[in-house]
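Participant: The chain contents come next:
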Amino acid sequence: MNRTLCVTVLLSLSLVLAGCGGKKAAVKPPASPGESVSSSVGTTAGAAGAQTGAAEAMAGSGSAEAAALAKTAIYFDFDSSEIRPEFAATIAAHGRKLASDHMVKVRLEGNTDERGSAEYNVALGERRAQAVKRALLLQGATDGQLSTVSYGEERPVAAGHDEQAWAQNRRVDIVYLGSR
Amino acid sequence: MTDPRRFLALLGLLAGLGPCAAPASAQLTVQITRGVTTPIPVAIVPFGAENLVPVDVAAVIDADLARSGRFQGLPRTSMLQHPTSAIGLDLAQWRLLKTDFIVIGRVAPASGSYRVEFELYNVVTGERLLGYGVPAAADGLRLAAHRAADLIYEKILGVPGAFATRIAYVNVQGPIGARRWRLVIADADGENAQVVLESRQPIMSPAWSPDGARLAYVSFEGQMSAIYVQTLATGARERVSARAGINGAPAFSPDGRRLALALSQADGNVDVFVLDLATHSMLRITDDPAIDTEPNWAPDGLSLFFTSDRAGRPQVYRITLAPGERPKRVTFEGSYNARPRVSPDGTQIAVVTLDQGAYRIAAVDLATGRSRVLSNGHLDEGPSFAPNGQIVLYAAREAGRGVLATVAVDGSVTSRISAADGDVREPAWSPRIGSP
Chain A
1 MNRTLCVTVL
11 LSLSLVLAGC
21 GGKKAAVKPP
31 ASPGESVSSS
41 VGTTAGAAGA
51 QTGAAEAMAG
61 SGSAEAAALA
71 KTAIYFDFDS
81 SEIRPEFAAT
91 IAAHGRKLAS
101 DHMVKVRLEG
111 NTDERGSAEY
121 NVALGERRAQ
131 AVKRALLLQG
141 ATDGQLSTVS
151 YGEERPVAAG
161 HDEQAWAQNR
171 RVDIVYLGSR
Chain B
181 MTDPRRFLAL
191 LGLLAGLGPC
201 AAPASAQLTV
211 QITRGVTTPI
221 PVAIVPFGAE
231 NLVPVDVAAV
241 IDADLARSGR
251 FQGLPRTSML
261 QHPTSAIGLD
271 LAQWRLLKTD
281 FIVIGRVAPA
291 SGSYRVEFEL
301 YNVVTGERLL
311 GYGVPAAADG
321 LRLAAHRAAD
331 LIYEKILGVP
341 GAFATRIAYV
351 NVQGPIGARR
361 WRLVIADADG
371 ENAQVVLESR
381 QPIMSPAWSP
391 DGARLAYVSF
401 EGQMSAIYVQ
411 TLATGARERV
421 SARAGINGAP
431 AFSPDGRRLA
441 LALSQADGNV
451 DVFVLDLATH
461 SMLRITDDPA
471 IDTEPNWAPD
481 GLSLFFTSDR
491 AGRPQVYRIT
501 LAPGERPKRV
511 TFEGSYNARP
521 RVSPDGTQIA
531 VVTLDQGAYR
541 IAAVDLATGR
551 SRVLSNGHLD
561 EGPSFAPNGQ
571 IVLYAAREAG
581 RGVLATVAVD
591 GSVTSRISAA
601 DGDVREPAWS
611 PRIGSP
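Line order of the protein sequences matches chains A and B.
Going by our numbering, the residue at position 134 of the first sequence is 134; the numbering climbs one at a time, nothing skipped.
Going by our numbering, the residue at position 242 of the second sequence is 422; the numbering climbs one at a time, nothing skipped.
A portion of the hints provided could be inaccurate.
[To be verified] Rough simulated footprint, nothing fancy, chain B against chain A, three-plus residues with beta-carbon under 8 Å:
#, stretch
1, 109-122
2, 126-138
3, 151-157
[As the list claims (entries may be wrong)] The list that follows gives simulated cross-link-like pairs (lysine to any residue, SDA-like), each with its CA atoms no further than 20 Å apart:
#, chain 1, residue 1, chain 2, residue 2
4, A, Lys-105, A, Glu-65
5, A, Lys-105, A, Leu-69
6, A, Lys-105, B, Gln-403
7, A, Lys-97, A, Val-175
8, A, Lys-105, B, Asp-447
9, A, Lys-105, B, Met-404
10, B, Lys-335, B, Pro-219
11, B, Lys-278, B, Val-216
12, A, Lys-105, B, Gly-402
13, B, Lys-508, B, Thr-527
14, B, Lys-278, B, Ala-246
15, B, Lys-508, B, Ala-491
16, A, Lys-97, A, Ala-167
17, A, Lys-105, A, Leu-137
18, A, Lys-105, B, Ala-446
19, A, Lys-97, A, Gln-145
20, B, Lys-508, B, Asp-447
21, A, Lys-105, B, Asp-467
Derived by calculation from the structure, the hints in this document are not laboratory data.
Ideal Cβ placement from N, Cα and C applies to all residues, glycine included.
Please model the complete structure; the sequences and the hints are all you need to start from.
Facilitator: And the structure:
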């Protein structure tokens, strides 16, 4: 009898928590992460590298700025938290947006691929989120606008177990909190 | 046992104490993937009264011993007789069946519950090696059987078994973007799976208290990490660390009063701390710009092992918990050694190591520094010692699925543990449940 009661308690607790999780999960932007990533991986690596200079030159240009802001993921090399040059334009655009309106807040979500140990990966994901945070601060964003969280290897966007999937999962997502 | 009054009493007992159904998809299946080449033949004779007792105790013992990979049970169809006491036991007959050991026993009702009695005989010498009787409620019969298996294992092999134990793990289900994380505990044979916590945000790093009554874990509910300590019997839980940044990698001290954990500072740098669970005071243990995480206690509680990339790549270090002490590096073989778990006797650590381009589980001898790779997967992680120190449980990927696997520290026996649905990850082997 005791055991039945105990399991009921556990189950109802988990239902409550599942409910909470559901509400909070709605915070995520409606765009499917899979889609936004597959498009940005395809174009970012090649096109964005060439774009960097152009975007700087036409900082005022609405369409280039909008294109840079549409990219909300920064990708990393294996076991690295160094921001690759091809993401300078993306970060600069988000930095300008944050600098122009200090009411706007973003959460920087650090992620890793699935290899290696889980808690070390949480630390590595945090390091990546902090690297993006520092870059945004340099663009004029303020500390109060930026929060970080690291999910380590827990929240991949690509399901595979090869370098192609891993490259998409080693990332920081820039999540706007005001725009939900 | 044929007494009709007893029969009715038992039926009444059974009606009131039906076993609780476990969530089917969280249930685990354990499969031996490699055993020793010459397992010891043993006969576990049915304990009788199968229709009156809700658990086939002999079958549970038989399955435990077989699952260890070190024993081979005698099929019941090969048994000519089913003696339940020494009176009916004709050892000459069992010698002909080429069995080395025989276990006979019985389950008798005793004041509202049961009494499980069993005896172990050496078939060759005729010596009676064990004779035990333990009381058990209906829902404690499986545990009584596991304890009997532990005693039999220890008597024959000279090392304690790890059958009367549980494992905690995280079951992840659903497609990317709609994942659900479930923290589950189950008996070491995969039975009695119970969901401790379910969430749409990640759950990580379950860790047992030394008495097996509480579980510490990391949950990202609220989209930030926090460490909780949950009492399993009541479901009551306490959020013990929810600071800004990372709250991760909890590990109970051997006395159960403190929790080693990893916290990040405002700049994201992760260091190891020790939290006093009674006073909530937090003591900094490491202070380094590198990543310091995944602390685990030496059995004497006087030092901590942890992962650090202070030398560029992740390696395991040890720090004595005294003022002014500096960490000393303990792993040197290979470019990646992380997530140390100390063996119960404190002589070795199990780690995740990079071996020929693959992430595998290795045991590192602390006296010699020598490393032995134990597993042969590509994405193996999360090693956890059985309380007898003989087996390492870890998480692996098999055909893209997350499963658990075990390997004996001598490499002789391996098994695979999988769930019906989803990935199984982050295993933690419990201490022994109660004492035999």
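Participant: Each of the hints needs a verdict: does it hold here or not?
Facilitator: How the hints compare with the structure:
Using a Cβ-Cβ cut-off of 8 Å, 8 residues of the stretch 109-122 of chain A lie near chain B, which meets the minimum of three, so the contact claim holds. Remark: the stretch 126-138 of chain A is confirmed as covered by chain B, as 5 of its residues place a Cβ nearer than 8 Å to a Cβ of that chain, reaching the required three. For a cut-off of 8 Å, the count of residues in the stretch 151-157 of chain A with a CB near a CB of chain B stands at 6, and the three-residue condition holds. Pair hint A/Lys-105 plus A/Glu-65 holds up; C-alpha atoms about 18 Å apart against a cutoff of 20 Å.
For the given pair, A/Lys-105 sits about 14 Å from A/Leu-69 by alpha-carbon distance, which is consistent with the 20 Å threshold. The hinted pair formed by A/Lys-105 and B/Gln-403 meets the criterion: a straight-line CA distance of about 15 Å does not exceed 20 Å. A C-alpha spacing of about 13 Å is found between A/Lys-97 and A/Val-175, which places the hinted pair at or below 20 Å, so the restraint holds. Annotation: proposed proximity of A/Lys-105 to B/Asp-447 holds, straight-line Cα distance about 18 Å (limit 20 Å).
Proximity of A/Lys-105 to B/Met-404 is assessed by CA-CA distance (about 16 Å); at most 20 Å being required, the pair is judged to hold. At roughly 15 Å between alpha-carbon atoms, B/Lys-335 and B/Pro-219 fall within 20 Å of each other, so this suggested pair holds. The hinted pair formed by B/Lys-278 and B/Val-216 meets the criterion: a straight-line CA distance of about 18 Å does not exceed 20 Å. Between the alpha carbons of A/Lys-105 and B/Gly-402 the distance comes to roughly 17 Å, so the proposed pair stays at or under 20 Å and holds.
Taking the CA atoms of B/Lys-508 and B/Thr-527, the gap is about 16 Å. The hint holds against a cut of 20 Å. Between B/Lys-278 and B/Ala-246, the direct Cα distance comes to roughly 17 Å. Compliance with the 20 Å bound is thereby established for this hinted pair. Note on B/Lys-508 and B/Ala-491: the hinted pairing holds, with a Cα-Cα distance of about 12 Å set against a maximum of 20 Å. Using a Cα cut-off of 20 Å, the hinted pair A/Lys-97 and A/Ala-167 is violated, with the two alpha carbons roughly 27 Å apart.
The suggested pairing of A/Lys-105 with A/Leu-137 holds, with an alpha-carbon distance near 13 Å, which does not exceed 20 Å. For a cut-off of 20 Å, the pair hint linking A/Lys-105 to B/Ala-446 stands: about 17 Å separates their Cα positions. The suggested pairing of A/Lys-97 with A/Gln-145 holds, with an alpha-carbon distance near 11 Å, which does not exceed 20 Å. Taking the CA atoms of B/Lys-508 and B/Asp-447, the gap is about 25 Å. The hint is violated against a cut of 20 Å.
Pair hint A/Lys-105 plus B/Asp-467 does not hold up; C-alpha atoms about 30 Å apart against a cutoff of 20 Å.
Checked against the numbered hints given earlier, the structure breaks hints 16, 20 and 21 and satisfies all the rest.
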